[in-house]
Amino acid sequence: MSTINFAAREINFKLVYYGPGLSGKTTNLKQIHAHVPGESKGEMVSLQTEDERTLFFDFLPLDLGKVNGFKTRFHLYTVPGQVFYNASRRLILRGVDGVVFVADSAPNRQRANAESLRNLRENLTEHGLSLREVPYVIQVNKRDLPDALPVDMIRAVVDPEGLAPCFEAVAQHHQGVIEPLKAVSKLVLEKLAQRA
Amino acid sequence: MLVPTLELYGEAADRVGEVLVDLLAQSRSRYALLVDRQGFVILHRRAAWAPKPPSLDSLATLIASNHSANEAIAKLFGEHGFRETVQQSDGVSTYVEAVGERALLVSVFDASAPLGKVKLFTKRALERILAVLDETREAAPTADFGGSFSADAGALLDELFGDGKSA
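Note that the protein sequences, when read in sequence, are chains A and B.
In terms of the numbering used here, the first sequence opens at residue 202 and continues consecutively.
In terms of the numbering used here, the second sequence opens at residue 3 and continues consecutively.
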């Protein structure tokens, strides 16, 4: 649900990075933060446990500039991937405009990919949403693993209908990080234009 | 769907801005913010004597998320939510009141402002803000997000991210 602040002449979009634990969601935000020019980004906030696992969320605001006289901004969030943090994931999905699903290429994480997608669907339903109406792209991360599963095999689990744009990535080396962000942002903007 | 963060435009926004200025003067708070429950800043004011605030985006996001988490805790006990939230440190503290279902009123204050005073004047400011929102009959401004909006914003995305190749 994009929000418009007429008082400040701002439009705000909320993008959420979702996926199983340790799939690379926080790494995506760190890479984006490291590569976006200073004037276009705000501070990155990370709420982590002592062992650097996401406890609540990571947050990074991006400023696109003015469009039609409105400052246009994207707020990027990650969710905690560990199974037992579902209450936090549900809270963070409130008001979501677009989702980047970060899947893990490791063979032993295929089940976690499937479980996380099922959890995403359930939590969206709690907010009265579904993946059919929320712009959604897939990033298949960790493509540099020697035993990485074929992309088609992962996609069969996280997007069985083959509807979502899909990007291969090695997020820790900044490969395939920007493409899914740009793609989901454009889908969100297109959706707004369709409903205007 | 594009929805206003709060039904707050033109004169009503100016009036709420004045309420925030009064709140700062009366409570001796450093900053007063009206924050959307999703974590976006709607309006904010800073006392003339206050140091530069931290990132307001970060502050608003953390306040809103914290409020949502507190609400979830209250629901575990069968409550609708907590009416107010106080976070106190030896230096800077925050006091948060819900503005209906859509927004939060936040006072950020230091040790020079007694908590009781901050609470009192924040509650009074809340009443005034709710009255302004209730009285507002001004039609929502219109903005055209069809036509070239998507293309123009897309062009800015291209400019920011280049051709989209990250490595």
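Read the hints as simulated data drawn from the structure, not as lab findings.
A few of these clues could be false.
Said to hold, decoys possible - A few chain A positions that, by computed beta-carbon distances, are all more than 12 Å from chain B:
| no. | residue |
| --- | --- |
| 1 | S203 |
| 2 | K215 |
| 3 | D252 |
Said to hold, decoys possible - Now the stretches of chain A that chain B is said to cover, found in silico as 3 or more residues with beta-carbon under 8 Å:
| no. | stretch |
| --- | --- |
| 4 | 233 to 246 |
| 5 | 287 to 296 |
| 6 | 316 to 325 |
| 7 | 374 to 384 |
Note that CB positions come from ideal geometry on N, CA and C, so glycine has one too.
Quick rundown of the hints versus the structure:
no. : hint       : result
1   : S203       : violated (5 Å)
2   : K215       : violated (6 Å)
3   : D252       : holds (21 Å)
4   : 233 to 246 : holds (count 7)
5   : 287 to 296 : holds (count 6)
6   : 316 to 325 : violated (count 0)
7   : 374 to 384 : holds (count 10)
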